[in-house]
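Sequences are here, hints too, so could you generate the full structure?
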Amino acid sequence: MKSPLHTSRTNQTSGFTLIELLVAVAIISLMSSIVLAFVNETKLKATDRSIELLLGTVRTEAEFYHNVRGGYRVAPGTAANNLCNANTTAFNSTFIRTAGNTGEALTHATIINDALTKAIAQSTGQLSRCKVSADGKMYYIALQRKTSANSYVCTDYTGVMKYITTPKQNTNNAADFSC
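The opening residue of the sequence shown carries number 1 in the working numbering; numbering runs sequentially from there.
Don't read these hints as lab results, they were simulated from the structure.
Among these hints, one or two may not hold up.
[Stated by the list, open to error] Straight-line C-alpha distance at most 16 angstroms; calculated EDC-like pairs for lysine to aspartate or glutamate:
| no. | residue 1 | residue 2 |
| --- | --- | --- |
| 1 | 137 | 52 |
| 2 | 162 | 176 |
| 3 | 162 | 20 |
| 4 | 146 | 52 |
| 5 | 137 | 176 |
Here the structure is a predicted model, which means the values were calculated and not measured.
In structure tokens:
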């Protein structure tokens, strides 16, 4: 008679041991965490690119608006009719509804409003800096990027768009209206 301690493997069922299953689950978990981190970073980069494209639209339409109105304000020298609220971090959403914006100027102002509103929503939810010079001839807009807390997308009246590390301060020096 056979001893119960010496049973053959032919009586056991085939399958995976608990250790083998735990190793497989750990490998799958590790791989999925790597993929999720990559997907999240890609999503942030796509949001940054979208912000850049929207600011590019603002830049283009601001130039059209400037050509029609002769400046970036409805009435140059009037802060109330400014693209930005008193050269601060606020975008003046009433800019498009000002009486001086009619016809082609209204079309460009509406596109500027829509694009900048979307860019602000995709960024941190507020402008980092928005300025228009007193004569209405220069502007500067900066938005924080999603991928870095210390990096901003900047566009200005010269047509430049680039990354900067610090938005310009609220002064009226001509140098403060360029990226």
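Tested hints:
1. 137 to 52: Violated - the C-alpha atoms of residue 52 and residue 137 are around 23 angstroms apart, more than 16 angstroms.
2. 162 to 176: holds (15 angstroms)
3. 162 to 20: Roughly 52 angstroms separates the two Cα atoms, so the pair is violated.
4. 146 to 52: Between residue 146 and residue 52 the Cα gap is close to 11 angstroms, so the pair holds against 16 angstroms.
5. 137 to 176: Answer holds: residue 137 to residue 176 is near 13 angstroms, not above 16 angstroms.
Consistency with the previously given hints fails for numbers 1, 3, ordered from lowest to highest.
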